[in-house]
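Once you've looked at the hints, dock chains B and C against the given chain A.
So you can see what is in the structure, the chains are spelled out below.
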Amino acid sequence: MTTPTEFAHSINLAWVLLGAFLVMFMQVGFAMVETGFTRAKNAVNTMAMNMVIYPLGVLSFWALGFGLMLGGVPEWDALGPSLASGTAHEIGFHVGGHFFGLLGGSKFALLTVARDPSNLAMFLYAAVFMDTAATIPTGAMAERWKFAAFLCYGVFIAAVTYPIYGNWVWGGGWLAGLGVSFGFGHGHVDFAGSSVVHMTGGVTALAGTIVLGPRLGKFRRDGTISAIPGHNLPMTVIGTLVLAFGWFGFNTGSTLSASDPRIAAIAVNTMLSSSAGAIAALALGWRWSKRPDLGMVCNGLLGGLVAITAPCAFVSPQAALLIGVIAGLLVVLVVMMLETRFRIDDPVGAVAVHGACGMWGALSLGLLADGTYGDGWNGVAGPVRGLFFGDGGQLVAQLIGVTTNVLFVFGASYGFFRLLDRAVGNRVPAEVEWAGLDTQEMASEAYPPG
Amino acid sequence: MTTPTEFAHSINLAWVLLGAFLVMFMQVGFAMVETGFTRAKNAVNTMAMNMVIYPLGVLSFWALGFGLMLGGVPEWDALGPSLASGTAHEIGFHVGGHFFGLLGGSKFALLTVARDPSNLAMFLYAAVFMDTAATIPTGAMAERWKFAAFLCYGVFIAAVTYPIYGNWVWGGGWLAGLGVSFGFGHGHVDFAGSSVVHMTGGVTALAGTIVLGPRLGKFRRDGTISAIPGHNLPMTVIGTLVLAFGWFGFNTGSTLSASDPRIAAIAVNTMLSSSAGAIAALALGWRWSKRPDLGMVCNGLLGGLVAITAPCAFVSPQAALLIGVIAGLLVVLVVMMLETRFRIDDPVGAVAVHGACGMWGALSLGLLADGTYGDGWNGVAGPVRGLFFGDGGQLVAQLIGVTTNVLFVFGASYGFFRLLDRAVGNRVPAEVEWAGLDTQEMASEAYPPG
Amino acid sequence: MTTPTEFAHSINLAWVLLGAFLVMFMQVGFAMVETGFTRAKNAVNTMAMNMVIYPLGVLSFWALGFGLMLGGVPEWDALGPSLASGTAHEIGFHVGGHFFGLLGGSKFALLTVARDPSNLAMFLYAAVFMDTAATIPTGAMAERWKFAAFLCYGVFIAAVTYPIYGNWVWGGGWLAGLGVSFGFGHGHVDFAGSSVVHMTGGVTALAGTIVLGPRLGKFRRDGTISAIPGHNLPMTVIGTLVLAFGWFGFNTGSTLSASDPRIAAIAVNTMLSSSAGAIAALALGWRWSKRPDLGMVCNGLLGGLVAITAPCAFVSPQAALLIGVIAGLLVVLVVMMLETRFRIDDPVGAVAVHGACGMWGALSLGLLADGTYGDGWNGVAGPVRGLFFGDGGQLVAQLIGVTTNVLFVFGASYGFFRLLDRAVGNRVPAEVEWAGLDTQEMASEAYPPG
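The listed protein sequences derive, respectively, from chains A, B and C.
The first sequence begins at 1 in the numbering used here and counts up one residue at a time.
The second sequence begins at 451 in the numbering used here and counts up one residue at a time.
The third sequence begins at 901 in the numbering used here and counts up one residue at a time.
Excised from the complex, chain A in its bound form (with noise of 0.2 Å):
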């Protein structure tokens, strides 16, 4: 016979397979809305960043990120009993309340793991949720940066600093303990990775774009700042639309239970906030520039997809609008102040999308979270409530979330790349950016003639 454990194990399973395909699939939807932002001459060295990625950050990530992310994990039975109980976000993901540090202690290479359902689903969903985050900094620092730094920088993201903040949010660390250890309401609480997968692509992206420097010819002597358009503004809003669609397997498949019928109400709240930062992005793209911004509304689209990933379980379907119309905004602001304030070159806004508006994700949960979710969650009894329902210390556990992305990212990558660029050398010399990189580093042209 068979049990009701032995049900729900199969149709959770099947639901953090499909939603670990769908995230996958992103990759896609990231190489286009790159490449297409891009010149043609860079076209092949941009595909080929958003194509190695994903093969290095896996095979980085299997041999040694996973251990360290989620390595003390005991076990996701959240794939198996959730329906019974009714309790997938006791478990799974989120076992918090624990500090065991950065060393999860073990699965490295899967060794130890390499029969369990349970943990293999895990190990799928996890390296792709990691391939996205190593994917967004590809394109801040697209049109100049060295191929061979480029592998350097994939193993290291994907091995190091990615595993490490996902262990203190999602590994049971000490992000996650900040509820039961300090009493800040459920500790760092992020759904589906608003701070751990896209403020930690956002701010890695940054670093490597104020090490890099901007594209020549982007910033002028004589003041003026050169737009460079990319070269296929379909192939762009191509792959903003699949990674729109991806984006339902990456914050619903984060319940890890098809037997959680709060993945409703997560789809819903990520296309209405994707939706609203798009119409706020069309808007105030075209109340500044006197036309409507297509290349705008897709980051717009983006940064509200961003943002509701960390709270989209927690909120009202009104929240998310809300949500979205902010993100929406923030990115249009942020693409212009990185720009004209701050002289940064960020060829396809990645760090307005990922790293503002994941920031700002992961701090609406502590504003906005309403109180019908998450009992249990990270080991603190209650659902989680932002501030303006109740419950400040969420908003401070946001804030420490944030800012420990900020710093360890940030500083972390900084390091890295500074690092790399007296190892390898970050920088084509400039007589290969102005041919193009494919030409030089890749020896290939995207599109030849007949």
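Some clues are possibly wrong.
To be verified - Here are the in silico distance ranges between beta carbons for each label pair:
no. : chain 1 : residue 1 : chain 2 : residue 2 : range
1   : B       : 875       : A       : 152       : 41 to 47 Å
2   : B       : 875       : A       : 425       : 33 to 39 Å
3   : C       : 1190      : A       : 109       : 30 to 36 Å
4   : A       : 224       : C       : 1191      : 31 to 37 Å
5   : C       : 1190      : A       : 337       : 38 to 44 Å
6   : B       : 899       : C       : 1324      : 39 to 45 Å
7   : B       : 875       : A       : 443       : 32 to 38 Å
8   : A       : 224       : C       : 1240      : 49 to 55 Å
9   : C       : 1331      : B       : 872       : 54 to 60 Å
10  : B       : 899       : C       : 1191      : 25 to 31 Å
11  : A       : 222       : B       : 663       : 45 to 51 Å
12  : B       : 875       : C       : 1350      : 40 to 46 Å
13  : A       : 421       : C       : 1191      : 50 to 56 Å
Claimed, not checked - Chain A regions said to be covered by chain C (calculated; three or more residues, Cβ under 8 Å):
no. : region
14  : 16-22
15  : 53-59
16  : 113-120
17  : 184-191
Claimed, not checked - Chain A side only, calculated, beta carbon under 8 Å to chain B, not exhaustive:
no. : residue
18  : 40
19  : 225
20  : 229
21  : 231
22  : 252
23  : 279
24  : 283
25  : 287
26  : 288
Rather than coming from a laboratory, the hints here were simulated on the basis of the structure.
A virtual CB, placed ideally from N, CA and C, is assigned to each residue, including glycine.
The following block gives chains B and C in isolation, referenced to the frame of chain A:
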């Protein structure tokens, strides 16, 4: 302990969400088909309409459309007990039998159902269906439509025309009630939207392209017709295959139930009809134009998909093939006739694919439904049968449904577009059209040089 | 009341359908990989083959292939009791042990099974697998093949060669029976199609490209070889990632059961092998051509996917990595050797990726299957073990299977292509080839000017 009802609820909720994700992904397909069929100088504009209709439609449908269309449906228990009772199709979408008229009555802005998983899942599913209808006219009206007018249109179809007709068929409105009230079969039956989604899109497209008029240079003064090929046929092909993929979610998801084993027949019918449509269009196109016309193959495949959408759950695989063959031939015929006989300029063939084949699909159900499925549909006992299987009344109900669509949707859309003409103007100035909408309306180029 | 068997049936049916959808989506990947690797003047033709093979193959398989291949399989209870019994793999696809020879005996045109959900789901799943095989040769034979000849080929592979070899392995034919009848392990075991699907496609491609001969200008009179780069490398990259996404459905769906927890290991093995293949090809390609060859990375990733397809359920993650590394190296080697040693012109590398890696994958199972899975497979008791885990007989069965594939598929295809040469001609005239097939054969341009 977990009950069978809870298990069924879980897998059905997951099924509806996955279906909605796949249908949302069809936005990628539409964007690529339409943009591939238009010229490079309008590629940003065509992409922009396909991109913006998604968030714009979602927000409009959230605010008004959903309440108008489905506000009166008491609940979707379909997402639960169907496995146990085997009667998913009696309930859910298909409550029928009551005339609660236009105003469903509630659910505006999701306020009353913000925490109910079934209603949220239905909102998601209904919203992406609406977006499918709303994105269809942007192809027929491409290359000459003012962006501001398009924005007004987006709100109108998402909040007014689509929800009203949708309410009549799927919200328990008078077309659903034609069986219970007047004895016409099971009332107007449309499994996944040949009439509700595709005819609504195609008929709106017809009204729009008539009001807009043909593109400059399409019909020359000497009576000859210019071909105006699209700028990227490979993009159109990829978009077509993406649509064929997403359509599996469109049709099988419309059971609202993974526990209804009819999903297998639905998927097979979808595949067979689309295949037959593609090959029929290939053959007829080849015969007429003396070459294998790839654009026609794409539209033939889409025509087969559109046509099978209404009858997919009710007919045999052999009937699905027949439905597809006729749809494929119809596409070629209608594309030719619209252009040569009626001098109507539809750059992508949307009127033929979605309008004509949508009508054929809804009618084909009234001919070929074979009595294997639909017991209790719209409150009428016994399975659904078409004319050839003994129930001429069903054909009458289908005829009333499609006639109503033509009259209501055409009338309302035509009137709206005329109003729009006065209020903001529909058509860009001739110099903008000659130069291309991208540099003028959008201030972006799709493929800027180096 | 609902029984556990009904629950299992529901989730397994849904799983098979979702798998089929993902595999159908791989048509997008193939179309993009192949068209990206060919020249702009043949882009419509290459797209057309990838587009038309889908409906053409489906209809041919519906009429003949399915009955021929799987007509003798009594039923697919796998889609039901597997969860309860934990023995999904004993039945389903894998009935084995009988020699009912070529003719399955029934199910032609689905006539006898038109209302049976399990058979319909299996038709859908088997049809998209067939289409995968059928679309592979269109890449190897691109840029010079007459469209009418391609159409004849499409019917032939879908209705004859693929179903016959498929019957031998998956339809209970003599290769499946090698264990029961002759004691060679579990007979020829191919979990998801390294030999049945990919070798069949790759070996057909080899026969086809030999009969067609190289493209004009490929091998120059002075003995040098022209590179002929494809016209859109970004398109190829996107197609590769799309294939990697769809492949998760290809491999995990082949359990025919969501209730088999082995799906997690299958997905992880698929990811690891493809990653290892990509990085191995990157390294070897870089070493040989002194640059990171992005096309080789794509083919290495695909080679890793092809190779793991047969053994994915039977090997450990470590073994999957090893299989992928060897596949990645093999791709680079075979691409080089075919071109320089054998003067065979395969524009996309299909023979190396699908033929060579398909063979390696089937053999690797005979070496590395570790005894964790496959109890009762093809009617043989005990799990499947390769040579390194104690069963040399399994390797013999794998060798017989791949040898049979080479002999039968190559022989039948070569003969068919020769016949086709006489009947309709395979190759376009030289002037058409120089001008491009698009303007001549297809009367369309892929990217017409303004």
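Now the hints, each set against the structure:
1. In this structure the supplied range 41 to 47 Å is violated for residue 875 of chain B paired with residue 152 of chain A, their Cβ-Cβ distance being about 56 Å.
2. Distance hint check: the CB atoms of residue 875 of chain B and residue 425 of chain A are about 56 Å apart, inconsistent with the given range 33 to 39 Å.
3. Taken as a hint, the range 30 to 36 Å holds for the pair residue 1190 of chain C and residue 109 of chain A, whose Cβ atoms sit roughly 31 Å apart.
4. Under the hint 31 to 37 Å, the C-beta atoms of residue 224 of chain A and residue 1191 of chain C, about 36 Å apart, fit the expected range.
5. Between residue 1190 of chain C and residue 337 of chain A the Cβ separation comes to about 42 Å, which falls inside the hinted range of 38 to 44 Å.
6. Between residue 899 of chain B and residue 1324 of chain C, the C-beta spacing of about 44 Å keeps the proposed range 39 to 45 Å intact.
7. Roughly 52 Å separates the CB atoms of residue 875 of chain B and residue 443 of chain A, a value that falls outside the hinted 32 to 38 Å.
8. Between residue 224 of chain A and residue 1240 of chain C the CB atoms are about 52 Å apart, so this pair conforms to the stated range of 49 to 55 Å.
9. In this structure the hint that residue 1331 of chain C and residue 872 of chain B lie 54 to 60 Å apart at CB holds, the actual value being about 57 Å.
10. A C-beta distance of roughly 26 Å is found between residue 899 of chain B and residue 1191 of chain C, which places it inside the suggested range of 25 to 31 Å.
11. Between residue 222 of chain A and residue 663 of chain B the beta carbons are some 47 Å apart, a value that agrees with the proposed interval 45 to 51 Å.
12. Distance hint check for residue 875 of chain B and residue 1350 of chain C: the Cβ-Cβ separation is about 26 Å, which falls outside the suggested range of 40 to 46 Å.
13. For the pair residue 421 of chain A and residue 1191 of chain C, the beta carbons lie near 22 Å from each other, so the given range of 50 to 56 Å is not met.
14. Chain C is given as covering the region 16-22 of chain A, and this holds because 4 residues of the stretch bring a CB closer than 8 Å to a CB of that chain, at least three being needed.
15. Counting residues of the region 53-59 of chain A whose beta carbon lies closer than 8 Å to any beta carbon of chain C gives 5, which reaches the threshold of three, so the coverage claim holds.
16. Only residues whose C-beta sits within less than 8 Å of a C-beta in chain C count toward coverage, and the region 113-120 of chain A has 5 of them, enough to reach three; the restraint holds.
17. With 0 residues having a Cβ less than 8 Å from any Cβ of chain C, the region 184-191 of chain A misses the three-residue criterion, and the hint is violated.
18. For residue 40 of chain A, the shortest C-beta to C-beta distance to chain B is roughly 6 Å, which falls under 8 Å, so the interface hint holds.
19. Because the beta carbon of residue 225 of chain A sits about 17 Å from the nearest beta carbon in chain B, more than 8 Å, this interface hint is broken.
20. Hint status for residue 229 of chain A relative to chain B: holds, with the closest Cβ pair at about 5 Å, below 8 Å.
21. Checking residue 231 of chain A against chain B: minimum C-beta separation of about 6 Å stays under 8 Å; hint holds.
22. Interface hint status for residue 252 of chain A: upheld, as the beta-carbon distance to the closest one in chain B is roughly 6 Å, under 8 Å.
23. For the restraint placing residue 279 of chain A at the interface with chain B, the shortest Cβ-Cβ distance is roughly 5 Å, inside the 8 Å limit, so the hint holds.
24. Contact between residue 283 of chain A and chain B, as hinted, is not supported at the beta carbon level, the nearest pair being about 10 Å apart and thus beyond 8 Å.
25. The criterion of a C-beta within 8 Å of any C-beta in chain B is not met by residue 287 of chain A, whose closest approach is roughly 14 Å, and the hint is violated.
26. The beta carbon of residue 288 of chain A is not positioned within 8 Å of any beta carbon in chain B (closest approach about 12 Å), and the interface hint is therefore violated.
Checked against the numbered hints given earlier, this structure breaks hints 1, 2, 7, 12, 13, 17, 19, 24, 25, 26; the rest are met.
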